[in-house]
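Engineer: The lines below spell out each chain.
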Amino acid sequence: MHLVYPAVLASLLFAVGLYGVLARRNAILVLMSVELMLNAVNLDLVAFDRWLSDSLHSGQALTLFTITIAAAEIGLGLAIVLLVYRNRGTADIDRVTGLADPGRPLGGDSGGAPDSDPATDTPDDEKAEATA
Amino acid sequence: MTLTASLAALVPALPFLGAAFGLLLGRRAPGFVRPLAVLPALTSLVLAALVAARQGPGQTTDAAHRLTPTGSVPIDLALSIDGFGAVIAVLVALVATCVQIYSVSYLRDDPRYPSYAAVVNLFTAAMLLVVYTGDLMVLLVGWEVMGICSYFLVGHYWETEAARAASVKAFLVTKLGDVPFLIGVFALAADAHSFRIGDITTTATGGGLHHPTVDALLLLAGVAGKSAQFPLHTWLPDAMAGPTPVSALIHAATMVAAGIYLVARLLPVFTASAAALAVLAAMSAVTMIGSGLAALAQDDIKRVLAYSTIGQLGYMAGALAVGNRDAAMFHLLSHGVFKALLFLSAGVVIHASGTNSLTAMSRMGGLARRVPDAMWTMAIGLAALAAIPPLSGFFSKESVLRAAEHAAAGDTLHVPSAVGWTVLVAGMLTALLTGGYATRLFLLAFRGSGPEAPDHGRQPLPMTGVLWVLAVPAVAFGGLTYRRLPDWLDKVPLGPTLTTAVLGTGLSLVGVLVVLGAWRAVSEARRQVPMGAVVENADADVEPALVEAEAIATHTRVYGDIAAADDPGDPGRLLLGPLHAAAGHGFRLDAAYHTLFVRPVLAAAGLVRFLDRDVVETWVKGAAGAPNLLGAAVRKAQTGNVQTYLSALLAGAVVLAVLVAVGS
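Listed in order, the protein sequences are those of chains A and B.
Residues 1 to 132 in the working numbering are what the first sequence lists, from first letter to last.
Residues 1001 to 1664 in the working numbering are what the second sequence lists, from first letter to last.
No lab work stands behind these hints: they were computed from the structure.
C-beta atoms are modelled at their ideal positions from N, C-alpha and C, and glycine is treated no differently.
One should not assume that every hint holds.
Stated by the list, open to error - Chain A side only, calculated, beta carbon under 10 Å to chain B, not exhaustive:
| # | residue |
| --- | --- |
| 1 | L18 |
| 2 | L22 |
| 3 | A23 |
| 4 | R24 |
| 5 | R88 |
| 6 | A91 |
| 7 | D94 |
| 8 | V96 |
| 9 | G98 |
| 10 | L99 |
| 11 | D101 |
| 12 | P102 |
Full structure from sequences and hints, please.
Structural biologist: Below is the structure:
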């Protein structure tokens, strides 16, 4: 079998997975897309291993690793998704933006902003000097 | 280490331990505070007396422990007890004990009494260390500990503005003198290759000092600061904002005496330079006369005593200027006792009358009947101060005048006769002034007329008892010891001679009589102009210290001035005439210092503040601003949407791949 078939198939699978990761909203579907991408890579690995006639079969060995890690990853990922869903009532990846930058300057969320506002920090400094 | 040395080491150690335990246990075990305050001082007194008795007028006891091998000049933890140290330590321990006993009553309800008592003990330990040590570096440690204790104690009523200002002033002015003093100590050690006082005096006697004048003048700066000599005396009158027992301990008997004591120990350094002696004599003469005039114009009873302390220290400095340390030590001893007595009785008077203002006291009848103990002991103290025979002040002051006369006649080695004349004339004039202000103080305080003084019941026994304890040496010390004391010191006869005794006592009596006359002359004015204010809550059961603090705080409000009061019924005002206003303010020396030193320093501090706040800080803020803006721009990308990130990642990967493909 010519190498181009599995390679094209893997590329298509990867493109589908990529589209799913970038465009789907449901976190579970995103995870499934990630699986697709991983399996596309697996396919590539096996095909190239065969085509190169590698005596050590490193491509196949690596595929086994990837399968194992993919299993672990999907387990973890689904657990996270489950927890997110329980906490927020949604698995919509667009709404899970807790790690977004708050849009305020550094240190602005801890209350005492040392360099945020010149009007409030001058009295603070003076007080610190008076008590020192 | 001999037994004497071991005992002597215990003398400063006990109050130090008392202070340490007092500070540690003060909050947790209030029951121990009073014993911990009084007992170490009392034990020290007993031990100091024992050391003096064992030491006797014999050889110096030396014991040393090498503290640090510094590589060049070693520092020894050295005890060196000679006659001088032994007797001064007894005085210090005696006054400290009296003050501690007195304070138990005086500050009975004070919430800060534990720390106060501990600091007084620490101060006593430092002073005893200064007295006993034989090493200038160790002496310096005691010297500086006293400085900081003085700062804490003067600022005891830190709620009042006057006390805060006074404590900072006392600390800064004495420090101003301490810096040259430190340099002087190093200069001496460099020449003598030792910090030991014995080695330094031997070197100085042998002419081994390279620059005796410079050394002596550097030391004099520190002495002037500590012993409140012109021009660094201005802290002492203001330091009266501290509690009365503190004034009695620090500003009468101990800390101010440390400077004199140091000069006495290092006298060969000073006699090696005629110029230094001349400066010392001029300093003492200006101090004596100026403080005498200022004392005549003060309104606060304690400030009168403060200025008289400055004047009496001037006497001691004068005695040292004419090369006679025996007379200086003699006067230091008798002055320490009677001035502590005066301060402590002034504390009783302030409590009884509810004011510290002499003007207010002079409008008050029957104060003498209210506090007879204070009146009698104060009379004794003032008579001793005015050198009325046969009180102790008479003998000690005559010994100073005798030494000055001796030097004036050119009979003292190393001492120019002009120095002798300066001290002699200034001493005589000061005797006149001393008689005057002592009489004025007594008349204004106890011979006032007007509404009855408030009845405070009997003063507590610890306060009045201590007064009588101190009154005994104030009466008898001079007469009993002037023959025997020289054996302990340099064996210079200290007895009064006829000429100086008659002249000095005569001038003093003239001062007394003139003020008496002036007192009669202004009695009409005093009756017509009612003046003065008394502290409001001056009940019998109010703590004495509280009355004093309030009196100090209200003085400025009532009289418009912390020091003086414009009272037509004051004999001092009649006698001083146009000088009165100036003398009341210490000849405006404070104002001059304010213009010359304080204002430039404040201006410089303002400039530094401006440079720091507005110039340096602007740069720092600017440096932080650029990354901040950049961060704000980058921050926009952090939306929290994982898919956006991944899209960016993909775009980046594609760009890289294209670049690699195009490049290869």
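Engineer: Of the numbered hints stated earlier in the document, which are not met by this structure?
Structural biologist: Hints 5 and 6 not satisfied by this model.
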